[in-house]
Each structure stands twice: as C-alpha cells, then as structure tokens.
Amino acid sequence: MEVLQLLIYGVVLGGIIALGAIGVSLTFGILGFANFSHGDLMSAGAYVALIFFTTLAWPLWIALPIAVMATAALAVVIDRSLYRWFRSRQPVILLISSFGVALMLRALVQIFWGPDTITYQTGIQMPYRFAGLRIRPDQVTILVCTVLLVLAVHLFLQKTKMGKAMRAMADNPGLARLSGIDTERVVLWTWVLGGSLAGAAGVFLGLDTRLHPEMGWHLLLPIFAAAILGGIGKPYGAIAGGLVIGIVQETSTLFLAPAYKPAIAFAILVVMLLVRPTGLFAGRSTV
Amino acid sequence: MSLLAMQAVTGGYGEADVLHGVSLRVEPGEVVVIVGPNGAGKSTAMKAVFGLLRLRGGTITFDGQDITGWKPDRIVRRGICFVPQTDNVFPTLTVQENLEMGAYVRDDDIRPAMERVFALFPPLREKRRQAAGTLSGGQRQMVAMGRALMLEPKLLLLDEPTAGLSPIFIDQIFEIVRQVNAAGIGILMVEQNAKQALAIADRGYVMAQGANRHEGSGAELLADREVAEMFLGG
Amino acid sequence: MELAGLLTYGIFFLTLVGIYGLLALGLNVQWGYTGMLNIGVAAFFAVGAYSSAIFTTQPSPGHLGGFGLPFPVGFAAAMLLSGVLALAVGLITLRLRSDYLAIASIGIAEIVRLFLKNEGWLTGGVRGLAGIPRPLAGWFPGYDALAYLALVLALVAAVYWANERAWRSPWGRVLRAIRENEAAARAMGKNALLFRLQAFVLGAMVMGLAGAAYAHFVRFISPEAFDPLFATFLVWVMLIAGGSGNNRGALLGAFAIWVVWSATEIFVTRLPEDLVTRAGALRVLLIGLLLQVILLTRPQGILPEKPPRPERAD
Numbered sequence: 021m022e023v024l025q026l027l028i029y030g031v032v033l034g035g036i037i038a039l040g041a042i043g044v045s046l047t048f049g050i051l052g053f054a055n056f057s058h059g060d061l062m063s064a065g066a067y068v069a070l071i072f073f074t075t076l077a078w079p080l081w082i083a084l085p086i087a088v089m090a091t092a093a094l095a096v097v098i099d100r101s102l103y104r105w106f107r108s109r110q111p112v113i114l115l116i117s118s119f120g121v122a123l124m125l126r127a128l129v130q131i132f133w134g135p136d137t138i139t140y141q142t143g144i145q146m147p148y149r150f151a152g153l154r155i156r157p158d159q160v161t162i163l164v165c166t167v168l169l170v171l172a173v174h175l176f177l178q179k180t181k182m183g184k185a186m187r188a189m190a191d192n193p194g195l196a197r198l199s200g201i202d203t204e205r206v207v208l209w210t211w212v213l214g215g216s217l218a219g220a221a222g223v224f225l226g227l228d229t230r231l232h233p234e235m236g237w238h239l240l241l242p243i244f245a246a247a248i249l250g251g252i253g254k255p256y257g258a259i260a261g262g263l264v265i266g267i268v269q270e271t272s273t274l275f276l277a278p279a280y281k282p283a284i285a286f287a288i289l290v291v292m293l294l295v296r297p298t299g300l301f302a303g304r305s306t307v
Numbered sequence: 038m039s040l041l042a043m044q045a046v047t048g049g050y051g052e053a054d055v056l057h058g059v060s061l062r063v064e065p066g067e068v069v070v071i072v073g074p075n076g077a078g079k080s081t082a083m084k085a086v087f088g089l090l091r092l093r094g095g096t097i098t099f100d101g102q103d104i105t106g107w108k109p110d111r112i113v114r115r116g117i118c119f120v121p122q123t124d125n126v127f128p129t130l131t132v133q134e135n136l137e138m139g140a141y142v143r144d145d146d147i148r149p150a151m152e153r154v155f156a157l158f159p160p161l162r163e164k165r166r167q168a169a170g171t172l173s174g175g176q177r178q179m180v181a182m183g184r185a186l187m188l189e190p191k192l193l194l195l196d197e198p199t200a201g202l203s204p205i206f207i208d209q210i211f212e213i214v215r216q217v218n219a220a221g222i223g224i225l226m227v228e229q230n231a232k233q234a235l236a237i238a239d240r241g242y243v244m245a246q247g248a249n250r251h252e253g254s255g256a257e258l259l260a261d262r263e264v265a266e267m268f269l270g271g
Numbered sequence: 002m003e004l005a006g007l008l009t010y011g012i013f014f015l016t017l018v019g020i021y022g023l024l025a026l027g028l029n030v031q032w033g034y035t036g037m038l039n040i041g042v043a044a045f046f047a048v049g050a051y052s053s054a055i056f057t058t059q060p061s062p063g064h065l066g067g068f069g070l071p072f073p074v075g076f077a078a079a080m081l082l083s084g085v086l087a088l089a090v091g092l093i094t095l096r097l098r099s100d101y102l103a104i105a106s107i108g109i110a111e112i113v114r115l116f117l118k119n120e121g122w123l124t125g126g127v128r129g130l131a132g133i134p135r136p137l138a139g140w141f142p143g144y145d146a147l148a149y150l151a152l153v154l155a156l157v158a159a160v161y162w163a164n165e166r167a168w169r170s171p172w173g174r175v176l177r178a179i180r181e182n183e184a185a186a187r188a189m190g191k192n193a194l195l196f197r198l199q200a201f202v203l204g205a206m207v208m209g210l211a212g213a214a215y216a217h218f219v220r221f222i223s224p225e226a227f228d229p230l231f232a233t234f235l236v237w238v239m240l241i242a243g244g245s246g247n248n249r250g251a252l253l254g255a256f257a258i259w260v261v262w263s264a265t266e267i268f269v270t271r272l273p274e275d276l277v278t279r280a281g282a283l284r285v286l287l288i289g290l291l292l293q294v295i296l297l298t299r300p301q302g303i304l305p306e307k308p309p310r311p312e313r314a315d
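Residue numbers (the working numbering), protein chains in the order written: chain D, 21 to 307; chain A, 38 to 271; chain L, 2 to 315.
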C-alpha cells in the first residue's frame, strides 16, 4: 500500500520533472549546452502564476496559460539578448553564463517576493480517497494537464514541419544545416517550447508543494538526470526519464532519509554518464 | 558554360590550408569523379563547393552565378545538394520524414518528388515509416541520397557513397548514380572505389596533397598506367 | 577613532580577499590549467572548513570533535580531506566531457551540503559549529586581527608561488598541452587522465585550505555559509574577471570583485530596514549582471593569459 501511494506521488513528481526534462533535452541536443538556468525558469513561471492565480484570484485555467506564455517569452528574451552571442564561442562560456542567469532569476524572485516559502492557496486540500490511496485534487489537475501538454508536444513534434525540423536538428545538426533548415528559427522555437514547458512545470511544482526562490534549482539535478537517462535530444526519452526519476525518488524514502532524495537522482545521473551517456534508448551514435 | 567551375581554390578548415589552387569543372549532365590517395583533399574540394570551407583564394561559379563564399543554406536553394560520407541521415526520424527534411526549403507539393525517390529506391517505400537509424548500411545510404534528391537539384555532390558497403550494394549505388544522371542531374563524386567509379564517369580528376595531379575522361584515366599504379591499386 | 574603524574594516576586508584569493588560485589550477569546469567549489571549501573545525575545537555535544589540536593540524586535515574527496570525485567523473563534469560537480556540492545539514552528529547540522579557535590569538596582544591577516596573506603568497612554479614546470607544460588538445596529449603517451586528476586534487586541496582559513576567521560555520552563491559563483566571477589561466589574474579578480561586492553592501545598508533582505538579492542581481557583461565584452579578463616563456629544455 505504502509503495502504491509513493508510486502516485512519484508519477506526479515524475510528470513535473518530465516537462522540465523535455526542454533541457532539446536545448542540450540542439544548442549543445547544458542550461543551468532551466530550473530557475520554472521558478519564474511559478511566481508569474502567483500574481494571477493568488494575488488577482483569477482561475487556474487562465493563470496557467499566462504563466506558460510569459516563461516562453522570458526564455526567448534571454537567448536573444545573451546566449545568442555565446553560441560561436566555447560552450563553457554558455554554461557559466547560464549559471549566472540562474542566480539572477532567483534574485529577481527574491526581490519581489522575498525569501520565504509561500503557497498558492492557504488551507489544506481534502484528498480524494480510493482503494486506500489518497490523491489531492491539485495533483489530479497536474496529472491531467501534464498528459495534455505531453500530447500537445507529441503532436507538435510529429505533425508539424517545425516540430520535425526540431527533431532533425536534435538528431544531426550538421545535416540539418546542409539540408537548408533555418537553424535560427528552430532555435527560437526550441526556446519557446522549452520555456513553455518549464513555466507549466513550475506552476505544477508550486501546486504540488510550495513556492520558494530555490524551488526550481532544487529540481535541476533530477531534471538533468532525467534528460540524460532518456538520451540527450530525445524528447520522448526525457518523458520516460522523468517518470523513472520521479518514481525512484519518491519510493527511495522507503529506505533512505527523505532529505537525501536529490542524491538518488544524482547517483542515477553519474551511473548513466559513466556507463551509457547516450541514454537508455538506442538512437544517436554520437553523444 | 560549365555547370560548376572551381578555379584555383585555396583554403582549409582553420589556420592551415588543405587545398592549394584546385580547379575542376562539371559540365551539364556529366558524371565527374575525384579520386586519389587518402588525405589528398578530395572530400575537402567537394566541401569547398558546398560552402563548408574557409576559402583564402579562388572562385566557384555555378550555373552562371558566382557562389564563392556562399553558405550551405543558400547553395542548397540554388540547386546543389550534398550527401556527406557519414552521419548522413536523421536516425530517429522515419525514412519518410528524412525525405521531408530534404525538401524543407520547398513549399510546394513534394509528393511527386517523393514518388520519384521511391521509384529509384524501391526498398525505401516499404520501410517509409521505419526510423532511418535502424536500417542497414546500404539502405541508409539510399535514404541519404534520397534526402538530397528531394530538392531535384541540378548538381549532386556525393562524398564516398560506397564507403563501407558490401559489393552488392556498391554495384547498386553505382547503378543508381547512373540512373540519377540519366535524368539530367550532374554528379560530382569522390570515390575510393576508383576503378568502378571511373568506369561510369564522363571525366575524372586525380588529386594528391591538396592539388590537381591528373585530369581526363574516365576511360583515359583508367587506361593510364601511372594513374593505375599510383592511385588505383588494381 | 574614525581611522581605527577604517583600519579594522580594512583588515577584515583584506582577510576575506585573501581567502577568496586562495579559492580563485585553487580554481585556477582546475580550470585555468586544465579546463575542468568545477561548479562544485563550495563542496571542497565546506569540507575544508568543517574538517579544520572538527579537529581544532573543544569537545561539544553538538558535533564530533573535541580534539583541540593546534591549527596547523586543522589546516593540514582540511587540505587532506578535500584532496581525498576530490580524488574520489575525480576518479568517477574526470572522464566526462566538460558540461557533464559541470553537472556532476553541482551534484557533488549538493550532496556535500545535504550531508553537512543532516549529519548533525558530525557537523552540528543547521545549528552550525561554533567556537573555532583563532590562530595566533594572544601572540601579538591587541593585533590579533592583523596577525591573522598576515597568516592568510602568507598562505596566499605560498600558494601563488607554488602555482607559478608548477605552471612553468614540465608538469605544467603537460597540463597545458592537455588543455589545448586532449587527443594530441594522449598521443604524446602521457596518461592525460592522471594529470587531470592530479590537478583536480591539488586545486581542491587549495580550496580546502581556503575553507579552513575561513572557518578560523569567522569562528562559526553553518551550511548556509556554503550556499552556491557565496562560495562558487563569486569565485568564478573573480577568476573570469581577473583572467583565467593566470595566477595573477586570479588574485586581481578576487580583489576587484570583492571590492565591487563590498561596495554593493555599503550601498545596500543605506536602504530602509524592510528592504534589506531583498537588497541582498539585488546585490546578487548586480554581480550576475556584471558577469554577463564581462562574458560579453571581455571574457579573457583584466589580465589575459600570456603563455609563459618556456624554461630551458631538458
């Protein structure tokens, strides 16, 4: 029973991680850099939603899209004003810059909302009970929305020209350029997609737990682990990876102190990097 | 007027030059082959045509237009397509999606072009929904060439298309090259299988150490003893 | 009166510059010499601080320790334990390419931080570890702070000298070759991994030393002090601003950025009370902005690296 309950929590968390991991996997695969600011992008999304959902008391189905679009716009602005100039330089510069952006985003959140933990809504939600298991209404919302978002991403990647071009670039950027694919436009859409999913993930994380300035940063390691587990540049792998990491992290509390949960993700990450850096699923031959 | 004319091209990838004053041309409808020992700069010469090299001197004209210094995405729109030797498919995309990506810069109906590709490479039709990375070497090469043909280019650049393939596939590839050429597409090909390549070529160039060495029709080069000894290896 | 206050502040200021200088020198060995991207500086800094604290403090129910050993032992323990951690981490991760190494290093820092927070029996947990003795206290009555500053600066000078010697030695030449072109270096027949490991461990030991110096300076440490911002990010900004690959640049960067950081603090303390916590975040924002500007306009830093004149060939 306990295991099943943890499984439920794991799937919810796994969905959130998956949404973050898709964005990281695509930016890593297409732009070739590990974006350390992705977690804090999620935080930004969560706090934007706070303005509309809590402060203005608008319904979630309006606040969520606003947060998603705002985060997408933020991601594009950061790329246009900053990362774009570093693309032709050593990838290390991008890494350090994104580390700086992460801290700046966190600082912005702290400037406007302070360092304390807050929640979207006060009071405790009564969970639904079934078959001896519990799940909160918010968590149901998260699961449903995550499924819908993943479906939307799937349709985008499979049915649209830009989606296919994105997958092509993640597969083989050199060949994409040789085929005449407009790489700058693909990059733009990568940030739109990654930023949107990050924004949603942030809101869901805030709904599932609480909001505080470090919320996204604390999920960054699990997100990287999920992206690497699934294979860099493979968005579907990222989804699977996210679910695995989420479930493993939650069920680890059966035998490990909860405080060390991030260590689990890290352990999986290191093992993957050493043993099979291309990810669990077959595909791209070069890392 | 030549379809493609490279004049005294000098350049490289970074600091050092790989090519030293290389010249070659392709007439409309010709099959031209570049052969030579390893490290001769054959692939580099072809990459220069496609805008993948840093040029320090010389000119490249295509179909009456000076394309020296043009980037690949512009060249692709002008009518030249390039099939690299390795990493020449999108492995997680299906065969059909690979072909679609080949036609990315077109916004007209690409189904006729795709039909022609399937007609050239029948095995691809039944595997159209299979991921390209799961295909055999020979079939992957078909996808690679098919991708390039989706734009119905005037000139096709092939970098060692038979490298690593079994003899059956090698014959198939050369046959396909003949067929593509018969449809009026010019071919510039770098090949290690020099004998077989020169046999189907109209003209050929022998390169060594980044420069021209010999030039002549396919038959002439095949018959030339010096060329045979040095570069064809029997 | 005013002068005394200024002098006290000056000593405080310079001591911290020294400590950050040590961190920057250590990072320079890892990043500047071999191009290893270590975003987990905080881990080695923290391990060094806690090690020295545990070995030199008096017995206390809050944490392990009570050995009450003299500070050189603490400092040595700090370097040793940081080195051991670096060895373990390096053996596992140094084969990875730079961005994967960076991710792994963040993970290490996280785990160390979690460990320090949760294993209270060892470290005092979130309550922290207090009562760390100040070296040289009482040796020069009335000049304790100045004496400690002198000690720290002596350490900086020693490490600087060691770094420079290492850079110009054959060992340093191999490292440089590995940094420029790993494939070529391997072809040279040297075990590139072994050299990188050595550099990684040595750099970490310097960071551990910095941690010890810090612990004995502030005399109370807790996991908050090793928040990635203060320990890691600031050091990176210092190294990049000053000029990476370059020991003089590392020290110059430490000084320059600490000046900027302290200036923002002075500016911020003028703000009204309730804005002060937020103002801390504003300082971070400004330093972050400074980093981006440096990366955009002058990534090689104030003192760009000049390849050293080769020593006489052997």
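Treat the hints with care, as some may be off.
As the list claims (entries may be wrong) - Simulated coverage check for chain D against chain L, where a stretch passes if three residues somewhere in it have a Cβ under 8 Å from a Cβ of chain L:
1) 107–116
2) 120–128
3) 280–290
Unchecked claim - No farther apart than 30 Å at their CA atoms in a straight line, the calculated lysine-lysine pairs in the DSS-like style are these:
4) A:Lys108 with A:Lys191
5) D:Lys181 with A:Lys191
6) A:Lys232 with D:Lys181
7) A:Lys232 with D:Lys179
8) A:Lys191 with A:Lys164
9) A:Lys191 with A:Lys232
10) L:Lys118 with D:Lys281
11) D:Lys179 with A:Lys164
12) D:Lys281 with A:Lys108
Calculated from the structure, these hints are not laboratory results. Each residue gets a CB set at the ideal place from its N, CA and C atoms; glycine is no exception.
For each hint, the structure was consulted:
1. Counting residues of the stretch 107–116 of chain D whose C-beta sits closer than 8 Å to any C-beta of chain L gives 6, which meets the bar of three, so the coverage hint holds.
2. With 7 residues carrying a beta carbon less than 8 Å from a beta carbon of chain L, the stretch 120–128 of chain D meets the three-residue requirement, and the given coverage holds.
3. Residue count for the stretch 280–290 of chain D with a Cβ under 8 Å from a Cβ of chain L: 6. That meets the three needed, and the coverage hint holds.
4. A threshold of 30 Å between alpha carbons decides the hint, and for lysine 108 of chain A with lysine 191 of chain A the separation of about 18 Å falls inside it, so the pair holds.
5. Annotation: proposed proximity of lysine 181 of chain D to lysine 191 of chain A holds, straight-line Cα distance about 25 Å (limit 30 Å).
6. For the given pair, lysine 232 of chain A sits about 42 Å from lysine 181 of chain D by alpha-carbon distance, which is inconsistent with the 30 Å threshold.
7. Between lysine 232 of chain A and lysine 179 of chain D the alpha-carbon distance is near 45 Å, which puts this suggested pair outside the 30 Å criterion.
8. For the hint linking lysine 191 of chain A to lysine 164 of chain A, the alpha-carbon distance of about 27 Å falls within 30 Å, and the restraint holds.
9. Note on lysine 191 of chain A and lysine 232 of chain A: the hinted pairing holds, with a Cα-Cα distance of about 25 Å set against a maximum of 30 Å.
10. A distance of roughly 14 Å separates the Cα atoms of lysine 118 of chain L and lysine 281 of chain D; the hinted pair therefore holds under the 30 Å criterion.
11. Between the alpha carbons of lysine 179 of chain D and lysine 164 of chain A the distance comes to roughly 19 Å, so the proposed pair stays at or under 30 Å and holds.
12. In summary, the hint linking lysine 281 of chain D to lysine 108 of chain A is not supported, as the alpha carbons are separated by about 49 Å, beyond the 30 Å threshold.
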